[in-house]
Amino acid sequence: MASGPPWRRSRRGGHTGWPPGAVIAASIFHLAGANSLAERGGVHLASPVLYYLLLLAGPMALFWKRRAPLAVFVITAVASLAFATRAEPYWMYAVAPALALFALAKQGRRIEAAIGAAGAWLLYVLLTVALAGPLGLPGAVSPSMREMLLAGVGLGASVLTGTVSKVRHEQLAALARAREEQERAAAEQKRRQASEERLRMAQELHDVLGHHLSLINVQAGVGLHLMDNRPEQAREALSAIKTASAEALREVRSVLGVLRTEGEAAPRQPALGLSRLTDLTADAGFPVHTTILGEPRALPAEVDRAAYRIVQESLTNVRRHAGPDPTASVEIRHTPAALLLSITNTGVPSEVGNSWSPPPEGSSGLAGMRARAESLGGSFTAGPLHGETSGYQVTAVLPIPPAPPAAPASALLSASGSASVSDAAAVRGPAPGFTPAPAVPSAPVAGAPGASVGLETGQTGETG
1 MASGPPWRRS RRGGHTGWPP GAVIAASIFH LAGANSLAER GGVHLASPVL
51 YYLLLLAGPM ALFWKRRAPL AVFVITAVAS LAFATRAEPY WMYAVAPALA
101 LFALAKQGRR IEAAIGAAGA WLLYVLLTVA LAGPLGLPGA VSPSMREMLL
151 AGVGLGASVL TGTVSKVRHE QLAALARARE EQERAAAEQK RRQASEERLR
201 MAQELHDVLG HHLSLINVQA GVGLHLMDNR PEQAREALSA IKTASAEALR
251 EVRSVLGVLR TEGEAAPRQP ALGLSRLTDL TADAGFPVHT TILGEPRALP
301 AEVDRAAYRI VQESLTNVRR HAGPDPTASV EIRHTPAALL LSITNTGVPS
351 EVGNSWSPPP EGSSGLAGMR ARAESLGGSF TAGPLHGETS GYQVTAVLPI
401 PPAPPAAPAS ALLSASGSAS VSDAAAVRGP APGFTPAPAV PSAPVAGAPG
451 ASVGLETGQT GETG
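Going left to right, the sequence shown walks through residues 1 to 464 as UniProt numbering numbers them.
Don't read these hints as lab results, they were simulated from the structure. Certain hints may be false.
[Claimed, not checked] Label-pair ranges, simulated between beta-carbon atoms: (1) Arg235 x Pro399: 42 to 50 Å; (2) Val167 x Ala187: 26 to 34 Å; (3) Lys190 x Val167: 30 to 38 Å.
Small disclaimer: the values here were computed from a predicted structure and weren't measured. From the three backbone atoms N, C-alpha and C, an ideal C-beta is built for every residue, glycine too.
Can you build the whole structure from these sequences, using the hints too?
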């Protein structure tokens with residue numbers, strides 16, 4: 001909505017720039033000038049009524065300058081010219097036409113204003129000089145050359161100032177629109193960032209809670225099954241539940257820590273990454289065979305976190321959808337340009353007809369993993385291997401920005417608890433293609449939560 005007093009706005013959106021007081025001032029100028037001339041005998045009008053009508057017609061017409069600026073200019077010009085043919089030259093007669101020209105030009109009608117100014121001046125010169133004799137006008141009404149030039153300059157200055165005022169108004173309006181557009185863009189950017197942050201938070205919470213709640217559910221089932229016959233193993237299951245719930249709380253606090261404003265203390269929970277892969281696989285609740293190939297090095301935080309979450313969600317899907325004796329293999333290959341991940345459900349059904357069920361297409365877990373990989377410019381695939389009973393594999397390629405070569409890391413992963421490391425034959429270089437790790441032939445120990453985990457750095461092996 002337009003703001004400001006109504007006299008500052010025109011019907012077409014332009015601003016006149018002067019209030020109704022200008023009309024009163026123009027009227028006073030006309031009356032004062034005419035009275036001064038009348039006292040000196042410079043006005044040659046027989047009727048006082050016509051005298052005042054011509055003086056007031058122009059200023060009164062200015063009240064409609066916003067509705068019909070061109071018509072108002074014509075009225076003011078005709079009234080002033082009619083008076084000028086019966087009075088000695090005086091600049092005050094041009095006040096009303098000058099104001100009308102200013103309003104016309106400021107409303108953007110520059111050509112009409114320029115033509116009107118030129119036409120009014122030519123008509124004034126024609127009537128008071130060229131046609132003064134044939135029309136029988138008094139000789140005193142004829143202006144001098146100086147007075148004619150002043151009249152032309154005054155009318156031209158009115159058009160020029162109105163045009164400049166219009167241009168300035170347009171510039172100010174453009175700046176105001178630009179500021180509004182910037183504010184809208186900034187607000188839209190904030191809304192988009194907030195929406196993206198909510199989606200990211202939802203994905204993080206899904207990964208955290210889905211993984212740990214699935215683990216708690218499995219361990220709770222084991223505990224209930226062994227409560228009567230094997231209370232010691234049931235105690236281990238309850239201990240695993242306690243550990244998983246505590247870890248879930250820590251990770252939730254870490255996720256929510258991103259909501260802290262700048263200047264607040266950072267979360268004390270260490271950042272999630274492949275450095276915690278040992279704990280992740282050891283707490284999976286089933287045997288996980290891990291293979292590290294290539295030369296491990298420090299990864300960008302976003303790549304490290306995405307890799308951890310993809311492995312975590314993949315192991316969660318194995319726990320949810322595999323058969324009664326799930327096993328999995330995790331292969332991580334470091335290359336100069338990318339980090340290659342392969343997580344395979346290698347569990348073999350214990351009997352025919354009791355096969356694992358793959359995650360449904362379009363599930364939030366698969367969609368979240370794909371989104372993480374693609375947000376880094378990588379790729380993600382997931383699908384069954386050699387039929388529904390032969391396993392399910394998730395692969396991801398996470399590009400790594402070029403960085404100066406780092407010194408080889410030592411002992412990135414170490415086994416703890418029931419996990420052990422076997423010294424098998426060293427791999428003498430990365431394989432030409434990216435292939436999943438072989439299935440683990442050993443079966444998990446019945447009822448033992450957190451079964452064995454095989455871990456290698458630059459080598460392959462397994463534990464039973």
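Is the gap between the beta carbons of Lys190 and Val167 within 30 to 38 Å? holds (35 Å)
Do Val167 and Ala187 keep their Cβ atoms within the hinted range of 26 to 34 Å? Because 30 Å falls inside the window, the suggested range holds.
Evaluate the given range 42 to 50 Å for the C-beta pair formed by Arg235 and Pro399. Holds - the Cβ-Cβ distance for Arg235 and Pro399, about 46 Å, lies within 42 to 50 Å.
Consistency note: the structure conflicts with none of the earlier hints.
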